[in-house]
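Asker: The chain contents come next:
There are 2 protein chains.
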Amino acid sequence: MMDRIPVLELGDVLIVSIQGDPQDQDVLALREDLSDAVVRHGARGVIIDITAVEIIDSFIGRMLAAIADMTRLLDAPTVVVGMQPAVAITLAELGLSFGGARTALNLDRGMAMLNHARDARK
Amino acid sequence: MMDRIPVLELGDVLIVSIQGDPQDQDVLALREDLSDAVVRHGARGVIIDITAVEIIDSFIGRMLAAIADMTRLLDAPTVVVGMQPAVAITLAELGLSFGGARTALNLDRGMAMLNHARDARK
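Which chain is which? The protein sequence lines are A and B, in order. Every letter in the first sequence is one number past the one before it in the numbering used here, and letter 4, counting from 1, is 4. So the mapping is simple: the numbering used here equals the position in the second sequence, first residue as 1, plus 1000.
No lab work stands behind these hints, which were simulated from the structure alone. A portion of the hints provided could be inaccurate.
Just the calculated beta-carbon pair ranges, DEER-fashion [unchecked claim]:
(1) B:Ala1112 x A:His116: 21 to 27 Å
(2) B:Asp1021 x A:Asn115: 16 to 22 Å
(3) A:Asp33 x B:Ala1112: 33 to 39 Å
(4) A:Ala112 x B:Ser1058: 37 to 43 Å
(5) B:Ala1112 x A:Gln25: 34 to 40 Å
(6) B:Ala1029 x A:Ile89: 21 to 27 Å
(7) B:Gly1095 x A:Leu74: 41 to 47 Å
(8) A:Phe59 x B:Ala1120: 47 to 53 Å
(9) B:Ala1112 x A:Arg31: 27 to 33 Å
(10) B:Asn1115 x A:Ile89: 25 to 31 Å
If you want the footprint, here are the derived chain A segments under chain B, 3+ residues with CB under 8 Å [unchecked claim]:
(11) 65–74
(12) 94–100
The beta-carbon is built from N, C-alpha and C at its ideal position, and this holds for glycine as well.
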């Protein structure tokens, strides 16, 4: 049994580290938890780290896209960071994308992307 | 099969989010990965988030203490954050501690603790 994927707060950014190969229900639960957390903490952005994810199928890809669409509606863009090269190759081969989720190489660059987006809105 | 617990970098701090109930070999692998990462990135601190951990036995407790001792020798103190109340109760009942690891309520406070430690050394 997998526990819920934890949502960490760092200032007004939420950080999620997806580990192993998440099951469908884990990602569904994450969507709920993240929408609650964005509103509760007034988050201005979400970073989803997938460093440890080796397989992303079309369901997980669609769910990440759905999460990104949802957080954007809540004014908190999602950045997916840490994609393994093999995952990128598979996604490109399958023609999958994360919809409205942007991607950045790593956590540092994801944070910079969110800071830049915030500054641009001032 | 569990993959290795990922080590994220945020500036010069390493962040590890332990999920589920880690097996002994996962924590052993984490110790190696963290020592490598501290040196490679010149990290000034390590934050281990245990928000999603519901059970900490004496082995895991000792390993967290060993990790904290190791990172301190490398001049990068470890802060354990996100402990569930039930975990704290169990640790207190068993008389366990994390040795040299400090604890903070959450990621924000853990980061503040590391910043404070750095400023104090200037």
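Asker: Each of the hints needs a verdict: does it hold here or not?
Answerer: Results of checking the hints against the structure:
Against the hinted window of 21 to 27 Å, the Cβ-Cβ separation of Ala1112 of chain B and His116 of chain A comes to about 24 Å, which satisfies the hint. A hinted range of 16 to 22 Å is violated for the C-beta pair Asp1021 of chain B and Asn115 of chain A, which are about 35 Å apart. At roughly 24 Å, the beta-carbon separation of Asp33 of chain A and Ala1112 of chain B lies outside the given 33 to 39 Å, and the hint is violated. At about 41 Å, the beta-carbon gap between Ala112 of chain A and Ser1058 of chain B stays in the expected band of 37 to 43 Å.
Checking the proposed 34 to 40 Å range against Ala1112 of chain B and Gln25 of chain A shows it holds: the Cβ atoms sit about 35 Å from each other. Distance hint for Ala1029 of chain B and Ile89 of chain A: a CB-CB separation of about 26 Å, consistent with the stated range 21 to 27 Å. Take Gly1095 of chain B and Leu74 of chain A: their Cβ atoms lie about 44 Å apart, and the range 41 to 47 Å holds. In this structure, Phe59 of chain A and Ala1120 of chain B meet the distance hint of 47 to 53 Å, their C-beta atoms being roughly 49 Å apart.
Separated by about 30 Å at the C-beta atoms, Ala1112 of chain B and Arg31 of chain A satisfy the suggested range of 27 to 33 Å. For the hinted restraint 25 to 31 Å between Asn1115 of chain B and Ile89 of chain A, the CB-CB distance of approximately 39 Å leaves it violated. Counting residues of the stretch 65–74 of chain A whose C-beta lies closer than 8 Å to any C-beta of chain B gives 0; at least three are required, and the coverage claim is violated. Given as covered by chain B, the stretch 94–100 of chain A fails the check, having 0 residues with a CB less than 8 Å from a CB of that chain where 3 are the minimum.
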